[in-house]
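*Asks:* As a plain string of letters, each chain reads:
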Amino acid sequence: MGITSYDWGLIWDYRSELLHGLLTALEVSVVALVISVVAGLGLAMVRLGKAPFTWIAAIYINVFRGMPALVTVIWIYFGVSLVLGINFTVFQAGVIALSLLYSAFMAEIFRSALQAVPHGHREAGQALGMRDTRIFFSVVAPQAFKIALPNVGSMFIGMIKDTSTFTVIGLLEVVRVVQNVNAQTFQPFVLYTAAAAIYVLVAFAVDLLFRVGEGAFSTPPKGVVSKMLRGRKQRRIEALVAELA
Amino acid sequence: MNTVNPAADPTPGAPVPAEKGVLIGDEERAEAAAAPAPAGRRARRDGAPAAQPGVATTGDTSQPVVRIRGLRKSFGDLEVLHGIDLDVHAGEHVVLFGPSGSGKSTVLRSINLLEEPNSGSVCVDGVEYGPGLPGEKGSGKPAKRGKPIELRRKVGMVFQQFNLFPHLTALENVALPLRSVKGMKADDANRKAAESLRQVGLLQRAAHYPGQLSGGQQQRVAIARALSQDPKVMLFDEPTSALDPELVGEVLRVMHELAEAGMTMVVVTHELGFAREIGDLNVFMDAGVVVETGSSELFDHPTDPRCQDFMRAVR
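Quick mapping for you: the protein sequence lines, in order, are chains A and B.
Take 0 as the starting number for the first sequence in numbering that gives the first Met the number 0 and just add one per residue.
Take 0 as the starting number for the second sequence in numbering that gives the first Met the number 0 and just add one per residue.
Incorrect hints may appear among the rest.
Said to hold, decoys possible - Simulated pairs of lysine-lysine, DSBU-like, Cα-Cα distance not exceeding 30 Å: (1) B/Lys184 <-> A/Lys232; (2) B/Lys181 <-> B/Lys191; (3) A/Lys226 <-> B/Lys143; (4) A/Lys145 <-> A/Lys232.
Simulated from the structure, these hints should not be mistaken for lab results.
Here chain B stands alone, though its shape is the one from the complex (with noise of 0.2 Å):
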């Protein structure tokens, strides 16, 4: 078919310095990526990612923060994930990208279990959480399987709607978390959150409520709401998608920050300028599934002919 991956190397087990992402998608690009170095779906399942012949990868054997096999959901009859396969390691910027309706949404919801997958394996800091794959011994269940509630405290994430608590101010926003979550005495709470929001450059509107911040200030809260909570990766839900144009630099601003502190980032996006700086694995997805992956060259030259339309399309 059309679906090709530039990550794959034909050399198996050669690291490939241009890529620290490990992404590998459907049954049809694992027959693209298998034909230099055949490798059976089974084999790419059973985890060790990096060594594996005809896998994508970055060299980077380091066991991912987050890792997402065989992952397939539907809603109703309609399945809108069929089976995508990703690695995130540690201090890398996973940029999703494609139409609407794509499902890389669906991918980075169902990462922190907001999206419970109907089958897949979800592996969040060496934890299974997901459902498990078909075809594993017993019924499909993973013989332990982590609770979703302690799996999202370990993950952050931004919505394109903010969602902050529009009955508390800034401060209490990141405190109430704090105090719930982490248990922290409410003095230290307070403290905790005033210095996420000096972070994110807002600490003189703490005692603002939502309603009296501009959109880019309310994503900026939102972002120190999830990094107060000190996770292991955060997620950004098109953190820009639903800001006046003006407002748009501010949270990319903040965003940039985090990923050069280090931040371990998996972020749906329409800003592909933006994906252009800070991506380190950009995967783009149509129609449920990974259609191709790359480093920022992707941008500049997509081989599969639905990237190439879609670059058109947006430029």
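Bound-form chain A, shown alone (with noise of 0.2 Å):
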């Protein structure tokens, strides 16, 4: 069996198919994204307010945080059908499930990040009489989210990956299409290589969106991003100097 038997050409004639697997991929995750930030922030403030809240919060974060995805989705698929009678499409349940982990997941994220916050901030901001809604918009929450954007980037590489295990509720995403092609083909080590392939590079290009992301709320501005958006602030503020002086 030499490297000769493996049809590497299969990878290109079944392009589109693969293609189209990451698309779904990409859409389910990027919708959950969106969802579990939005949820996940609102845990964290949930889980450093008050009791009782405080312990909801902390148990839904550590019933999601241990729920494997594969369990998940086809507890969310078939199990709510079965209960509830709802019928979910196999993209809301992937979008469900994903999101109900990884708000967990990201809601430790930013409990950690507005605990990084120094307390000093919020007390100058106090002191100043500011209010607390705008203490928290204006001075805590830019520096949260500074803080907790390289660890959503990796939750997002996650969320990407988990998406393989969709393929047993039948998401045609990337493993799916793969299963697919190679029932035709019979050349498996060929299509998971594929799979595994673009798994990685897809994990290369979201982790150099987020540095470029993260780039841009440096302080001081550094690269071209973070120029681009502070550099008219920055030249009014200079302008406005000259004129003083």
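Build the complex from these two chains, which are given one at a time in their own frames, with help from the hints.
*Replies:* Printed below as a string of structure tokens:
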């Protein structure tokens, strides 16, 4: 069995199916990312708040952090249909499963990020007579967001990988596509290697994207994006200084 | 006991020209002060600080900007302030000093209610904000109590750790509260912020982020930020303690200018040389009580042994 018996051309032949699978995986992940960031932020704030709500948030976080994606999506797709009679599409079930799981992780990421902002900054806001909501949105949240961003990126990569388990409910993502093509071509090594390559390349791309995002928030501004975003503001301040000097 | 109140004048109601502040302390000193002209604790607590017999006073009969009576604060079971009485009149510069853990920062932080006192009266600009004194009519709560956020809008504070917002430029640090507290338009806020930065000599650093500024510059931005809110009184909580020695001077210089411009100031500091220059009323605290008060001569001739020990130790 030499390497020649593998038909690597299959990857090119089925490129459109594979890319379609990737697109589906990304769609599910992006929608779930948005939901779990918002829900996770809310959960983090409840978790940092008063009893008994903080306990409820703690229970939620610990339950869904412990659930495997495979089990969760079966539970949502088949279980909810069985018990409540609600029939989700595979896409919906995938989004719901990922959102439930990853909002628990996001909650922990945002909780630690919010706690990492020095308490003195809140006190400074209070001493200046700023309202609590204003302190949160203008002082604490921007700093916490910057701290959380790299971890959110890691979570997003995890979400994309977890979509591979949704093959059990028949979502046409990368692994499902690979299985279908394999059933016709009997080239599992080639096809699963292709799947691995796709996931790794996407992880690289996401990492790059989030690095650019982090750069945008660096102080002082570093890199093209950051300078583009804040160059105008900077120039306005400099103009004001020149005028008053 | 060993406590002495040099500001206590034996002649009731007589003005003491050397002193501009009124400061009265715990029960021990109350006894000492009351000795020449007996006055009950209750009487002192009722307000009207200046003309009461047995009360340390300067003869300044105007309404104080800050008036603290019977301030007590506990952290858990540990009481760290055992009843502090302090008056700060307009234009006065009050210095709180003493060993660490003596409660001076807690007193300062109680003035803008960053620390909520367990009991006592905190009266700023004629409005009561504290929880009130035990034994007052009712349940110890004053009938009318101002909101902390309103109090803080009248009081500026400068912290040991500067506490600038690191994601904003120097100008934005000053302009943000102008917009959110004073409701100014962005353009007006930026202009006023730039003026405040000019006041502390940092107009040219307006576009810099805190991370690009030295500690001394950061603290000056923090002073500008507090000043731009036009406070009635400025509180300084060890403003130079986190600075490298060569950067202390620039911050003290700004504070000196502020003092000369007539700003009402309460300063917690270990810089006793600076305290001697600006302090109208110097307050030595130890173990949660005011031990000794006086004008600059306090630094040369402390009478209380604890104060003498402290002076020897820092010299």
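*Asks:* Does each hint fit the structure? Answer for all of them.
*Replies:* Verification of the hints:
no., hint, verdict
1, B/Lys184 <-> A/Lys232, "holds, 16 Å"
2, B/Lys181 <-> B/Lys191, "holds, 11 Å"
3, A/Lys226 <-> B/Lys143, "violated, 52 Å"
4, A/Lys145 <-> A/Lys232, "holds, 19 Å"
Hint 3 alone, counting from the list given before, is not met by this structure.
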